[in-house]
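Work out the full structure: start from the sequences and follow the hints.
Protein chains: 6
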Amino acid sequence: MSVLPTDSLATPRFCGVPTFMRLPQATSLEGLDAAIIGLPSDSGAPFRTGARFAPNAVRAMSIMLRPINPYRGGINVFERLRVADAGDAAVVPGYLEETLAQIETAVRALAQAGLTPFGIGGDHSVTLAELRAVAATHGPLALIQFDSHSDTWDSYFAGKKYSAGTPFRRGVEEGIIDPSHSIQIGMRGSLFAPDDVSQSLDLGYEVVTTDAMFEMGLPALAQHIAARTAGRPAFLTFDLDFVDPAAAPGVQTPESGGPNARETLALLRALKDINLVGADVVELSPGFDQPAQITALLAATVMAELIALRADR
Amino acid sequence: MSVLPTDSLATPRFCGVPTFMRLPQATSLEGLDAAIIGLPSDSGAPFRTGARFAPNAVRAMSIMLRPINPYRGGINVFERLRVADAGDAAVVPGYLEETLAQIETAVRALAQAGLTPFGIGGDHSVTLAELRAVAATHGPLALIQFDSHSDTWDSYFAGKKYSAGTPFRRGVEEGIIDPSHSIQIGMRGSLFAPDDVSQSLDLGYEVVTTDAMFEMGLPALAQHIAARTAGRPAFLTFDLDFVDPAAAPGVQTPESGGPNARETLALLRALKDINLVGADVVELSPGFDQPAQITALLAATVMAELIALRADR
Amino acid sequence: MSVLPTDSLATPRFCGVPTFMRLPQATSLEGLDAAIIGLPSDSGAPFRTGARFAPNAVRAMSIMLRPINPYRGGINVFERLRVADAGDAAVVPGYLEETLAQIETAVRALAQAGLTPFGIGGDHSVTLAELRAVAATHGPLALIQFDSHSDTWDSYFAGKKYSAGTPFRRGVEEGIIDPSHSIQIGMRGSLFAPDDVSQSLDLGYEVVTTDAMFEMGLPALAQHIAARTAGRPAFLTFDLDFVDPAAAPGVQTPESGGPNARETLALLRALKDINLVGADVVELSPGFDQPAQITALLAATVMAELIALRADR
Amino acid sequence: MSVLPTDSLATPRFCGVPTFMRLPQATSLEGLDAAIIGLPSDSGAPFRTGARFAPNAVRAMSIMLRPINPYRGGINVFERLRVADAGDAAVVPGYLEETLAQIETAVRALAQAGLTPFGIGGDHSVTLAELRAVAATHGPLALIQFDSHSDTWDSYFAGKKYSAGTPFRRGVEEGIIDPSHSIQIGMRGSLFAPDDVSQSLDLGYEVVTTDAMFEMGLPALAQHIAARTAGRPAFLTFDLDFVDPAAAPGVQTPESGGPNARETLALLRALKDINLVGADVVELSPGFDQPAQITALLAATVMAELIALRADR
Amino acid sequence: MSVLPTDSLATPRFCGVPTFMRLPQATSLEGLDAAIIGLPSDSGAPFRTGARFAPNAVRAMSIMLRPINPYRGGINVFERLRVADAGDAAVVPGYLEETLAQIETAVRALAQAGLTPFGIGGDHSVTLAELRAVAATHGPLALIQFDSHSDTWDSYFAGKKYSAGTPFRRGVEEGIIDPSHSIQIGMRGSLFAPDDVSQSLDLGYEVVTTDAMFEMGLPALAQHIAARTAGRPAFLTFDLDFVDPAAAPGVQTPESGGPNARETLALLRALKDINLVGADVVELSPGFDQPAQITALLAATVMAELIALRADR
Amino acid sequence: MSVLPTDSLATPRFCGVPTFMRLPQATSLEGLDAAIIGLPSDSGAPFRTGARFAPNAVRAMSIMLRPINPYRGGINVFERLRVADAGDAAVVPGYLEETLAQIETAVRALAQAGLTPFGIGGDHSVTLAELRAVAATHGPLALIQFDSHSDTWDSYFAGKKYSAGTPFRRGVEEGIIDPSHSIQIGMRGSLFAPDDVSQSLDLGYEVVTTDAMFEMGLPALAQHIAARTAGRPAFLTFDLDFVDPAAAPGVQTPESGGPNARETLALLRALKDINLVGADVVELSPGFDQPAQITALLAATVMAELIALRADR
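Protein chains in written order, with the working numbering: chain A, 1317 to 1629; chain B, 1317 to 1629; chain C, 1317 to 1629; chain D, 1317 to 1629; chain E, 1317 to 1629; chain F, 1317 to 1629.
Simulated from the structure, these hints should not be mistaken for laboratory data.
Misleading hints may appear alongside valid ones.
If several chains are the same, the list does not tell them apart, and a pair holds so long as it fits within one copy or across any two.
Said to hold, decoys possible - Straight-line C-alpha distance at most 25 Å; calculated DMTMM-like pairs for lysine to aspartate or glutamate:
1. K1588 to D1349
2. K1477 to E1522
3. K1477 to D1323
4. K1476 to D1518
5. K1588 to E1489
6. K1588 to D1628
And the structure:
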């Protein structure tokens, strides 16, 4: 099995069933370093649904991407790292907790086989399942969360503990996130309650708001993230609403006033020395990304940068 | 409180927060004969989500409708029947069974107060909750189901008993539907399994496929529906995928080859002598109905005809 | 100046600034039999605006059409009738009455020069201006109105006498429509007031509802229209909401349950022996016709059939 | 009557008919400090119509917003300021001057009762009506105008004095704007005539172009605005085309090259010590904001910041 | 390798990379009876491009379809016929003739291995390549063409012989179509030149216009098609513009006034006793099919019926 | 013939068939200094087609622009430079090389008559044809290329030498570009092959990546461009994918992470002392620019700045 993507100078990108970046489909996990896995659930979404269609929407735009990353020395990422597209986890629409269990099972299989999972959400509730799966192999994880919302509320409608708004409180409670090495980046906008400001801090997270991020400067922030997570296996979760709605309109809960795509990619490209053991890109809602699908393209580009970060490990 | 809609010759339709047909909002149930109630859940949807936004999408297009129904003698429907918009039931995204319980509670309040509930879905799973609520007051119900799918499968993903594909098996099992007075109209298209053909018949339903419907003729079918349900309180559920996707593109699970809007409305306008104690219009997915929102307009028009059918009781 | 359209077998349709059917632009009126004129006003619209963009939207799709009409003996319409695109009348947004005056002036210039004007609306209020202009040359007109609404209300918001809902009462009052030779075809749907049913009849119009139209049969109706208007110069106004929203989604005030495109075109192609002195196609709202623009294509096709009807005079 | 918004952690945002930020609907003005009022007119628009649908489009996205504003000390805005949604003013489509009169009447009722009106346009012509209404209570107003165009032309088509392009010349002529304490911010792009550059200056306004704004720096500009308007009751009008089309695509007359959403919100959040007696957000054209509705979300976010500015007064 | 589609009652349809009807991907041709093959070229399109994205757009909606066909005795089509998805042929954008050569090569491999190819276009020029490939194995073919245009022009722009408008003249000239057993169904609309009417007849085709089709009646037409093609291996080509734009908006060259989806499917389901050796569905232009993708759904449904026709052979 | 655009204060912009900026259509070339020419080809596009519709899409939004350019001293551009809209070159869909020949012929006629051609693409392959035409009059050209991709690959699919990805290698090989005075600005994103980095440098171009552009600063870069091209007739080609997809979603091959519209326009407005003999704006794909058409507006604004740059020569 070739482990290189199909060459888009030889056959047009639009030919064939699209896998992520035209990578081969995984027929077994043997010999692989990493795998793409779709997590097509929107059962945890409090606002716009549709993230169940996100994995294939990201794949469809990822065919635009090419294998050489000039921001990390011009390496061919897929010569360094053997990556395949492992398809999607199964889900149970309308049954969030069963869905999380199924996602955990699918991701656990990858992690146990020594692969780094790269998840394509799905709403942000799926990250809890991934964290459970990856922590089972690697122990408590340093979380690097790019997001405009902290997602550390205690419960949502009818007191339910699971939703896209609660995973990073649950993860601390379950001992699978080590908040003392974790950092949340990009918070902004209006809040539900006065103690929203402090709830992440109270859990032990470091919080860098969008305003603070620009005050600190992106290169300094990149270094700071490495320092914060040093010595820990890290999981990076990228909620697309981190980015301003102008550049990422197709998300579940857009929040006006974020960084643009250039700033976002510059930050990710400046990251170094992260012991990345898992990552995801979540919250794409393809129905709100029509017709140009620029959010899906950005999601694919972010994912490609995260794979390059891992290849650079 | 006025019980008549705002007059769209006096103030433009687009002025003000839209209620169904510009009816007054219900501040109490007293003195009302019927109420509109939104059921904004898509937790039961196996394919396209978004029906949580359907109640307000239907309201937004219902402002096109006027109170006089020329197909039932030119009556002013709202002089006959005092109707208000009762807002939406609460729901619990990602928790289908809790959602059904909350919907049942909300609809039960209407039925117990003697009102006829007119529900705006929501995916088709919500109808089970409505049937439970209405049957609690009226006893086992004659079901009149317009739909391209029978929705009588036993279970869906992971063996779950509740979804948009199962309510009309559950309703029979729970004794709230009397299948011997019930009828399913409009089935068509490909099937999952050989016994799909017989599963509704085995439960006791009469089934009229789309092809059979046109062979029988619409006026004869209308008479037949009245005969089938005679002597029973009836609940009419209208799944918008009954209609061809050309006229109803914005649905959860479109099925090519259905009747058009004119045929659909002709059939509904020909219905008479139904002891209607509840009704709903379900499965609108507004994100797939842009920009012209013709499915929402049709949904509103169908609902107005069902209210007129009730006013004509 | 050539009077034939550009040949779309020789240069692709999408080349060049689009005129109606790729006809030449009128540089003078001399030698012309008829002219296309855009009437880009939506100041009379009670619901969806945007008809100001309709003339160019119709032109953009009209490039699909070819000059030979096989439904009238395979004639090359533009060898029979010298037609040019005369551009658009000027309008005054926000000032409906001044807008009507400017439209009247522009159309009057065509009619006085002996041309048959073919207007592309604009909301339906523009037809009053056209009728005034054409009647100035031809005297009281037989009106042939395809429409789902009668547009014969007395006044709209704040008692204003001019709007898309009133022109065919005003036209009778002003003596420019002869209602005894006029006919309204396609009325359907809910009504504002009990006397809506009778208001057109009281003015002297014949009214054929959508239901009546199908009962009568389309060929019989075509003959009946000719008989009704016999002996009078006729103006044919085609409101696109005559057609079902499935086939004409991009209109100001869609009304569910109309004829489809095939039925509509069959009726128009069956018309004969009409002394057509003017016509228009109105109420396209292009923003609601995206992305396929099927309403604009239908509008252009209807207009081409009306020109062929005139060529066949 | 509760004066707090519905809690979106308790019931999902998409439940119920949407008012601005899920605030209560005003049943009387008593006890209120401020009110939201929709101004659904596009009769003054020289280009894209559709702003008549803007008030409800802004409401629909405003449900994303939460009551705590972390940019002004974490205050719960609605504990400081009692605000309700007062519905929409009536309008007369096609009759701009009558429309302005009806809007003035509606806003005057709020101002006279001591409330600060927060208007949701509507094209920019509606601001003249608001200024008339508010000045009747407060006297000549300091205008703070965010806009890419000055809107100080003398007349538009056919010499008409009223349109979205003229209100801020009319306001000075009528003595309801005090230009010596007023400021226009954000002008850019091509111009109609050489004296366009000077026309606002000649009227007495201070003008800060987009380029000048960034040269000055946003914090300095915020201070400057306060100084310019000091000692005067101020009306702030926010035309969404101030923002770059990437972040605000859904406007009447987009102008390339403006600030992004982050810069825009930073400027508004830096404003202090303004004696705000009225404000509006105008020129949203929802049909051009599909499907993600990011302009409506930004409009709602801007409005929430303006209410917070007033609460901070 | 399983030859049955993934069961959509067990795992949700939206899970996994979509193949046609969730069929297995072909890893070899051995043991297969038929194969789906995408033909992603729009280099022959004279109007709307985008058909290069059609194969994956059809796959994406085909996941709605289920394996049991109730219109042919309730057979499980894929128990009768072993079918796999063979991916896409390669193409050379901007070089139509090289593209046709590459398509021919890909389809020839299927036909030579004894498989029936089911092609998903692509614009209609691709059918010439398929005919060449299939005729190489089966000899001159009976063509069954559903289309609103005859596509028998001699040449297009600059005298070029290949385009979506010429394949069925070329096929006769090349001796790969036997016109005396061939039939074109659905022609309608305006024409380029007077001899357009006769050009297909002159080549030897039978032509059934849309009007003639309804006069004859659909069951009679189905029988007639079988009689016309009797004794010959048949290739069925389905141009989606055969259908009215209301039901098939997303096509290259829409033509108002065609049959609806129900009539179309009824005709295909009535076909029997055709010796089908190849088929295609062409001319989908997905960018014009948003957001509901009803044309892609119809395309997939038509293809499923054609596979069932072959299974019923 | 007037050489000034129609005044949009006198007649609304939306009236009349749209030419670029409402300029007169060229009836002859005499007396003109420059001409707009549409180049409606997408036969060279390796990804999204649709650029054939770009010239008219740019015209449709260009009506927003006004003749006075305040960034170059408030000049009325069209009093300095007599410009007309020369319509579109003919093209041969599916035959890229013949298309390039037809475009070259059309542009050569302008250049030979002493006009500066301003081309509206079309995909980027059209620039090669323009360069051939302009170099025939002016000799080897200094190329100023704004683009996120270098477009200097040797060949694309099946070894073909012509495509949107190859023109700037071909131009050097043909001797019509002088690379030693040429500059490529804006490259970014992932690459096909390790030597992608060096291929433009090897050809002799100067390359300024997006990152380098911001490090250098926009005013310095503008000066540097003038210095690099000094002494040579210059052709400026603007590929809209230079801009970030947030501001230019409607392009053939979007690339995340570019400059925004304000930065882009600032750079163009800072350009001076360029001996501009031709220019184009390419790669708009209007189907992906709906509904707000902000890419088309930006394309028109860029073109207006390029005309102003020429007027300032």
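Checked hints:
1. K1588 to D1349: within (19 Å within a copy, 52 Å between copies)
2. K1477 to E1522: within (23 Å within a copy, 43 Å between copies)
3. K1477 to D1323: For K1477 and D1323, the Cα distance is within 25 Å only across copies (17 Å; inside one copy 46 Å).
4. K1476 to D1518: within (21 Å within a copy, 38 Å between copies)
5. K1588 to E1489: neither (29 Å within a copy, 41 Å between copies)
6. K1588 to D1628: This pair counts as within: shortest intra-copy Cα distance 8 Å, inter-copy 43 Å.
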